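Required output: the full structure, derived from the provided sequences and hints.
Protein chains in written order, with the UniProt record's numbering: chain A, 1 to 89; chain B, 1 to 243.
Quick caveat, the hints were computed from the structure, so don't treat them as lab data.
Source: prediction; values computed, not measured.
Hints are supplied without guarantee of correctness; some may be wrong.
To be verified - Here are a few chain B residues that sit away from chain A, every Cβ distance over 12 Å (derived from the structure):
hint, residue
1, 75
2, 81
3, 87
4, 90
5, 121
6, 123
7, 157
8, 167
9, 180
10, 185
11, 190
12, 208
13, 225
14, 233
Said to hold, decoys possible - Pairs of lysine-lysine, BS3-like flavour, derived with a Cα cap of 27 Å:
hint, chain 1, residue 1, chain 2, residue 2
15, B, 34, A, 2
16, B, 234, B, 203
17, A, 82, B, 234
18, A, 82, B, 34
To be verified - Which bits of chain A does chain B cover? Going by a derived footprint, with three or more residues having C-beta under 8 Å, they are:
hint, segment
19, 13-20
20, 27-36
21, 46-56
Backbone N, C-alpha and C fix where the C-beta goes; we use that ideal spot for every residue, glycine too.
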Amino acid sequence: MKHILKILALLVAISAFWIGLLQASVIPESYTWLLPLYFIVSLGCYGVLMVGVGLMQFPTCPQEALLLHQDILEARDFLKNKGVDVGSN
Amino acid sequence: MGNEQKENSNKYSIIIPTYNERLNIALLVYLIFKHLPNVNFEIIVVDDGSPDGTQDIVKQLQSVYGEDRIPLRARPTKLGLGTAYIHGLKHASGNFVVIMDADLSHHPKYLPNFIKKQMETGADIVTGTRYVKGGGVHGWNLMRKLTSRGANVLAQTLLWPGVSDLTGSFRLYRKSVLEDVIGSCVSKGYVFQMEMIVRTTRKGYNIAEVPITFVDRVYGSSKLGGSEIVEYLKGLIYLLLTT
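The structure is reproduced here in structure tokens:
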């Protein structure tokens with residue numbers, strides 16, 4: 001099934017649940033009408049939170065630049081001896 | 001793992017599109033040979049008519065390592081990444097294909113990890129991820145990291161891709177899987193990489209991940225301006241609707 005259909009099905013299910021809540025009057029109606037708004041705002045907050053957490057935990061690897069530099073020296077050395085032109089770009 | 005090396009009868013075709021990578025291609029080839037000592041592989045260089053003499057360097061490398069190990073499959077002009085892979089695929093004699101960047105941002109030392117992971121899990125695709133523990137990025141400022149993280153969260157929410165690094169281009173594919181998917185991918189640039197991995201997820205292929213480190217070598221010229229962001233959003237919506 002196409003992905004967009006899965007998402008639409010999910011939205012339809014959530015909408016049906018919401019309409020069911022409106023009909024059943026289990027929760028005061030004024031509150032129920034605002035539920036979609038709360039849902040969207042929560043989703044937005046969750047997104048911002050995930051971005052923030054991800055940013056704080058963003059994996060960095062400063063030592064890799066140094067290791068790469070060493071690898072480059074080793075490579076240039078080997079290749080120069082084999083006659084490959086490794087002069088600067 | 002015991003001392004005996006598991007018999008690996010697979011052949012790996014490493015496809016490297018190049019444009020003006022005269023120095024990097026030599027270093028890359030050296031490092032690949034260094035890190036894959038007992039593996040049957042070939043390095044297919046798809047050069048798009050580089051004016052800096054990249055192809056001459058490849059010919060010099062061929063005389064060091066053997067022309068059959070480094071087939072040069074050049075094209076006359078810059079024709080884009082997707083078609084470069086398709087072109088390389090046509091000449092690939094391996095049953096597995098590796099794609100990686102030519103500028104040394106992808107380090108060949110991870111190649112054994114890709115191979116090991118594939119053999120352990122039987123996966124159809126092993127994709128390198130920069131965003132997990134053991135992986136990482138060097139050379140990005142805060143703004144770049146923020147954009148990357150925001151883009152990733154958005155893509156995860158909308159597409160449920162099943163991988164942590166969508167735009168990465170350091171991957172090992174079973175050749176038949178790559179052939180199956182690449183024909184239906186029409187995007188350009190990094191959206192192309194996203195499209196590839198999302199389409200393989202949708203088709204139900206088995207995808208495994210290995211952490212990789214990424215050293216950004218394009219200092220500043222990989223700018224993420226407004227137009228790139230717009231392209232990305234358009235690509236996301238396209239993938240949301242068509243995959």
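Hints violated by the structure (listed by number, smallest first):
Numbers 7, 15, 17, 19 and 20 - these are the hints that the structure violates, sorted from lowest upward.
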